[in-house]
Amino acid sequence: MKKSILFIFSAALLFPACKKDPKFTPDMLGGSSELYDPSFYTPEKYLISAAKPNPTPDEAKKPVIIVVHGYSATTFEWNEFRTWAGGRTDFVISQVLLGGHGLDYTNFKSATWQIWKQPIMDEYSKLEQEGYTNISLAGSSTGATLLLEMLADGYFNNHIKPRHVFMVDPIIIPANKTLSLVDPLGPVIGYTTVDNSAGEEKYYFHYRPYESLQQLNNVINIVRKQLQDGVTLPANCTLKVFKADKDDTADPVSAVLIYLGTKTSTGAKVNVQLINSSLHVFTRLALHDPAPTTQDVKNQTDAFTDIANTITY
Amino acid sequence: MRKILPLLIAAHIFAFCKPAAAQVHTFDVGLRFQKSIGLYYENGVTGQYNLTRRWALGVTYVTSRLGTAWGTNAIKQDNVLASGTYKFRPAYALQPFLRGNLGYFTADYGSPMFDSLPHTSAIASVDGGISYQFKLPVKVNLSLGYNAITGNGASGAGTLYPVFYQLSVTYNITKL
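Heads up: the protein sequence lines correspond to chains E and H, in order. The opening position of the first sequence corresponds to residue 1229 in my numbering, with each subsequent residue numbered one higher. The opening position of the second sequence corresponds to residue -11 in my numbering, with each subsequent residue numbered one higher.
Just chain E, same shape as in the assembly (with noise of 0.2 Å):
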């Protein structure tokens, strides 16, 4: 971490104007039309509005819970709560993906975070206008934050309220703190790389382009501030946080300042759970390497239950 800094304060003093386009191979994802998210194609499987565009009067009351994932990952993000969810009927499950993500670099490299944020706010609309009155949404990572930022900016306050929102691993504060320095430095080391598994890497961007690295560092500076100035939930509304105590993407204080700076409507503290964990978004297990732990499986397991149980109620 610290060479990397020096690494990067020296280049930007000898290559002030360097800027590299990084190369794909067919199995990554950007690299071919192939690895598009499956919900681009197919988005009556993803996304509820789609499936269910009309639905009847107990359909309409069922629970749906917006899953939304990441920074430069995808739908796959929340693959195991489906699965988990199995032929649950008692509730139904949408899954987002973000404005800007999942297709190809070029989208992904121009994408600003409002644009990430868009497809939220499509869904949430579309359920609403569809008739659907019992809307829960969880966010990891990144779609934390862009749901904070929705509950700070009001956006809720002209739709109907969300029952419960539930947080995984957002991120707030970033292990990484060099990316506080991407505005000036970004131009100087083009995009960064990421150490993705073979699996992961047709489902996370193997490359992150400093424009969207500078993006991700616009979208946490504006919520930490808003948080700063308090965010209150609409009425109602209950927020959960998991987050994981050891995590080098998004540093566990992050949950300290969701705790000091958000309240529910009636201005009662929110629930934090620190979970025991050094994986960033602990709630996908697939295809990280290495394998998972006892103790992992374990963790997924009672956030998903705990998630399913709150929504159901």
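Just so you know, these hints were derived from the structure itself, not from any lab. There may be inaccurate statements among the hints.
Unchecked claim - Examples of chain H residues lying across from chain E (beta carbon under 8 Å, computed): (1) Asn61; (2) Ala62; (3) Phe102; (4) Ser104.
Unchecked claim - Label-pair ranges, simulated between beta-carbon atoms: (5) H:Leu132 with E:Pro1518: 38 to 46 Å; (6) H:Thr108 with E:Asn1385: 34 to 42 Å; (7) E:Tyr1541 with H:Met101: 22 to 30 Å.
Said to hold, decoys possible - When the alpha-carbon atoms are kept at most 30 Å apart in a straight line, the in silico DSS-like pairs for lysine-lysine are as follows: (8) H:Lys23 with H:Lys123; (9) E:Lys1280 with E:Lys1468; (10) H:Lys23 with E:Lys1474; (11) E:Lys1453 with E:Lys1430; (12) E:Lys1290 with E:Lys1526; (13) E:Lys1430 with E:Lys1273; (14) E:Lys1354 with E:Lys1337; (15) H:Lys23 with E:Lys1453; (16) H:Lys64 with E:Lys1491; (17) E:Lys1468 with H:Lys64; (18) E:Lys1468 with E:Lys1453; (19) E:Lys1453 with H:Lys64; (20) E:Lys1491 with H:Lys123; (21) H:Lys23 with E:Lys1497; (22) E:Lys1491 with E:Lys1474; (23) E:Lys1491 with E:Lys1468; (24) E:Lys1430 with E:Lys1280; (25) E:Lys1290 with E:Lys1389; (26) E:Lys1389 with E:Lys1273; (27) E:Lys1491 with E:Lys1526; (28) H:Lys64 with E:Lys1497; (29) E:Lys1468 with E:Lys1289; (30) E:Lys1389 with E:Lys1468; (31) E:Lys1290 with E:Lys1354; (32) E:Lys1273 with E:Lys1474; (33) E:Lys1430 with E:Lys1337; (34) E:Lys1474 with H:Lys64.
A quick note: this is a predicted structure, and the numbers were derived from the prediction, not measured. Glycine is no exception: its CB is placed at the ideal position from the N, C-alpha and C atoms.
We have chain E already, so just place chain H on it with the hints.
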């Protein structure tokens, strides 16, 4: 021209400003205003003892309580530092300087629930900048610094950020 004018003025001040009487065995006390890039304003007090013409020793306390956390939900965090400063051009009013700092950081997370998270840390940082001695016994320091110890999500305090800048305004109390 508009862009280079400030540089020309700065160069003029740097090259031609009049020599000042070198201060030895004097004590400057004052206020420090600090901002971590990407995080909080932390303000407080500082004292510098001018040991020789070139060397000064100092102590500083800065806190977000007097900065971003004042009246907000930001984390209340405190930094106590001891420092050693080397001054270049000690005979001049405008002095570039380099400073090494060692200290202790602690943050209040507001609930025992977070006791298991790292909330204290050693501080080891360097900063460099310029100091200007006015005719009044007032000195202004501007510097840019680098924190060698930061949190990484697994260890270290999460709200210790790597790069900061600061302004100090001090008064030579030995002139009182």
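Comparing the hints with the structure gives:
1. With a least beta-carbon distance of about 4 Å to chain E, the hint placing Asn61 of chain H at the interface is held under the 8 Å criterion.
2. Hint status for Ala62 of chain H relative to chain E: holds, with the closest Cβ pair at about 5 Å, below 8 Å.
3. For Phe102 of chain H, the suggested interface contact is upheld, since its CB lies about 5 Å from the closest CB of chain E, less than 8 Å.
4. For Ser104 of chain H, the interface hint holds, since its Cβ comes within 8 Å of a Cβ in chain E; the closest pair sits about 6 Å apart.
5. A beta carbon spacing of about 41 Å between Leu132 of chain H and Pro1518 of chain E agrees with the range 38 to 46 Å that was offered as a hint.
6. Checked against the given bound of 34 to 42 Å, the beta carbons of Thr108 of chain H and Asn1385 of chain E, roughly 40 Å apart, stay inside it.
7. For the pair Tyr1541 of chain E and Met101 of chain H, the beta carbons lie near 23 Å from each other, so the given range of 22 to 30 Å is met.
8. Taking the CA atoms of Lys23 of chain H and Lys123 of chain H, the gap is about 28 Å. The hint holds against a cut of 30 Å.
9. As the CA atoms of Lys1280 of chain E and Lys1468 of chain E are separated by approximately 28 Å, the hinted pair is consistent with the 30 Å bound.
10. At most 30 Å may separate the alpha-carbon atoms for a hinted pair to count; Lys23 of chain H and Lys1474 of chain E meet this at roughly 26 Å.
11. About 34 Å separates the Cα atoms of Lys1453 of chain E and Lys1430 of chain E, which puts this hinted pair outside 30 Å; it is violated.
12. Between Lys1290 of chain E and Lys1526 of chain E the alpha-carbon distance is near 27 Å, which keeps this suggested pair within the 30 Å criterion.
13. Note on Lys1430 of chain E and Lys1273 of chain E: the hinted pairing holds, with a Cα-Cα distance of about 19 Å set against a maximum of 30 Å.
14. About 27 Å separates the Cα atoms of Lys1354 of chain E and Lys1337 of chain E, which keeps this hinted pair within 30 Å; it holds.
15. The suggested pairing of Lys23 of chain H with Lys1453 of chain E holds, with an alpha-carbon distance near 14 Å, which does not exceed 30 Å.
16. A distance of roughly 18 Å separates the Cα atoms of Lys64 of chain H and Lys1491 of chain E; the hinted pair therefore holds under the 30 Å criterion.
17. At most 30 Å may separate the alpha-carbon atoms for a hinted pair to count; Lys1468 of chain E and Lys64 of chain H meet this at roughly 23 Å.
18. Distance restraint check for Lys1468 of chain E and Lys1453 of chain E: the Cα-Cα separation of roughly 20 Å lies within the 30 Å cut-off, and the hinted pair is therefore satisfied.
19. Taking the CA atoms of Lys1453 of chain E and Lys64 of chain H, the gap is near 14 Å; set against the 30 Å cutoff, the hint holds.
20. With a C-alpha separation of about 52 Å, the suggested pair Lys1491 of chain E and Lys123 of chain H falls outside the 30 Å cut-off, and the hint is violated.
21. Taking the CA atoms of Lys23 of chain H and Lys1497 of chain E, the gap is near 29 Å; set against the 30 Å cutoff, the hint holds.
22. Between Lys1491 of chain E and Lys1474 of chain E, the direct Cα distance comes to roughly 25 Å. Compliance with the 30 Å bound is thereby established for this hinted pair.
23. At roughly 11 Å between alpha-carbon atoms, Lys1491 of chain E and Lys1468 of chain E fall within 30 Å of each other, so this suggested pair holds.
24. At most 30 Å may separate the alpha-carbon atoms for a hinted pair to count; Lys1430 of chain E and Lys1280 of chain E meet this at roughly 29 Å.
25. Simply put, Lys1290 of chain E and Lys1389 of chain E have alpha-carbon atoms about 15 Å apart, close enough for the 30 Å limit, and the pair holds.
26. Taking the CA atoms of Lys1389 of chain E and Lys1273 of chain E, the gap is near 25 Å; set against the 30 Å cutoff, the hint holds.
27. With a C-alpha separation of about 29 Å, the suggested pair Lys1491 of chain E and Lys1526 of chain E falls inside the 30 Å cut-off, and the hint holds.
28. Taking the CA atoms of Lys64 of chain H and Lys1497 of chain E, the gap is about 18 Å. The hint holds against a cut of 30 Å.
29. A C-alpha spacing of about 22 Å is found between Lys1468 of chain E and Lys1289 of chain E, which places the hinted pair at or below 30 Å, so the restraint holds.
30. For the suggested pair Lys1389 of chain E and Lys1468 of chain E, the alpha carbons sit about 16 Å apart, so the restraint of at most 30 Å is met.
31. For a cut-off of 30 Å, the pair hint linking Lys1290 of chain E to Lys1354 of chain E stands: about 16 Å separates their Cα positions.
32. Restraint check for Lys1273 of chain E and Lys1474 of chain E: not satisfied, since their Cα atoms lie roughly 34 Å apart, outside the 30 Å limit.
33. Proposed proximity of Lys1430 of chain E and Lys1337 of chain E is supported: the alpha carbons are some 17 Å apart, at most 30 Å.
34. A hinted pair counts as satisfied when its Cα atoms are at most 30 Å apart, and Lys1474 of chain E with Lys64 of chain H qualifies at roughly 22 Å.
Violated hints, in rising order: 11, 20, 32; the structure is consistent with all others.
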